[in-house]
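Peer 1: Spelled out from the first residue to the last, the chains are:
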Amino acid sequence: MTRYARLRIYIGESDRYQHKPLYMYLLEWFHHHGFKGATVIRGIAGYGSHSKIHSVSVFRLSEDLPIIVEVVDEEEKIHGSLDEIKKLVKEGLITIEPVEVVFYGHREE
Amino acid sequence: MTRYARLRIYIGESDRYQHKPLYMYLLEWFHHHGFKGATVIRGIAGYGSHSKIHSVSVFRLSEDLPIIVEVVDEEEKIHGSLDEIKKLVKEGLITIEPVEVVFYGHREE
Amino acid sequence: MTRYARLRIYIGESDRYQHKPLYMYLLEWFHHHGFKGATVIRGIAGYGSHSKIHSVSVFRLSEDLPIIVEVVDEEEKIHGSLDEIKKLVKEGLITIEPVEVVFYGHREE
Chain D
2 MTRYARLRIY IGESDRYQHK PLYMYLLEWF HHHGFKGATV IRGIAGYGSH SKIHSVSVFR
62 LSEDLPIIVE VVDEEEKIHG SLDEIKKLVK EGLITIEPVE VVFYGHREE
Chain B
2 MTRYARLRIY IGESDRYQHK PLYMYLLEWF HHHGFKGATV IRGIAGYGSH SKIHSVSVFR
62 LSEDLPIIVE VVDEEEKIHG SLDEIKKLVK EGLITIEPVE VVFYGHREE
Chain V
2 MTRYARLRIY IGESDRYQHK PLYMYLLEWF HHHGFKGATV IRGIAGYGSH SKIHSVSVFR
62 LSEDLPIIVE VVDEEEKIHG SLDEIKKLVK EGLITIEPVE VVFYGHREE
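Going down the list, the protein sequences come from chains D, B and V. Heads up: the first sequence at position 49 corresponds to 50 in this note's numbering, and the numbers run straight through without jumps. Heads up: the second sequence at position 105 corresponds to 106 in this note's numbering, and the numbers run straight through without jumps. Heads up: the third sequence at position 37 corresponds to 38 in this note's numbering, and the numbers run straight through without jumps.
Treat the hints with care, since some could be wrong.
If chains are identical, the list can't say which one is meant, so a pair holds when it fits in one copy or spans any two.
Heads up, simulated DMTMM-like pairs for lysine to aspartate or glutamate below, C-alpha to C-alpha not over 25 Å straight-line [what the hints assert, rightly or not]: (1) Lys21 to Asp65; (2) Lys91 to Glu101; (3) Lys21 to Glu98; (4) Lys21 to Glu101; (5) Lys78 to Glu92; (6) Lys87 to Glu75.
Simulated from the structure, these hints should not be mistaken for lab results.
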């Protein structure tokens, strides 16, 4: 039985890769490598690994909004992509959790 | 001990059911069937099962924005709803994962 | 090996604590207590524990939009924070699930 996983990549909206928003680069990367789908969510506030490298005397939100890029696919395919993904994401957080896939695709009726 | 699960339904903003946005129909469906709560999140970009049925020579985002409908409730109640949910969702992705519920509800103080 | 978890707190946008939006109070709380990062997501529709205390004859969405505050950190640190978090969140839902952390932080190159 195929096992599935959810990959979540937490970055900032202003992060770039090759003059392009990193989240757009990641979407294209996943599409190019045959992942079934990807979703990009923008948060309204947050702080993260960026703030650790500032000296924060009073609490200050990151200037750029948080972005989560989320992919659900076969666990093996996701694990196989991690070395490449880690080269693209210089700052942020990457998590994986197992999920049960109840339905995926397009149904003719 | 009651076990809880999170159901996530990934669809498109333009998907409809009975002349109504599918995500609104699903919200009402969950409410009508006594689910404790539901949350609808809209992504800012994505691609998914729709794009598989197009011939995509260059990368192209889906025209409608991704929507995630999320429900946390008892695992048994969620599993019992899947046959009906699958009738409503013709395209997309449905996942389930177990979660621990620390607190749910309204506290008088 | 360190185990990680994701904490998710589902509240409403209009919830307040000490004259401040509750989600901002929570962000500051997590930052002050040394959590590595936090992300706030606003949904576009939903219903939840609030609606249970109204008499809902026809389906009605909550008037305030749903907010999810999400934190990923060491499982032990998250469990250790729950008593305090529950004092701040009077209405809503709090869930925890285990996650694998693939990468967290800032990389010099």
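Peer 1: Among all the numbered hints in the text so far, which are the ones the structure does not match?
Peer 2: Of the numbered hints, 3, 4 do not hold.
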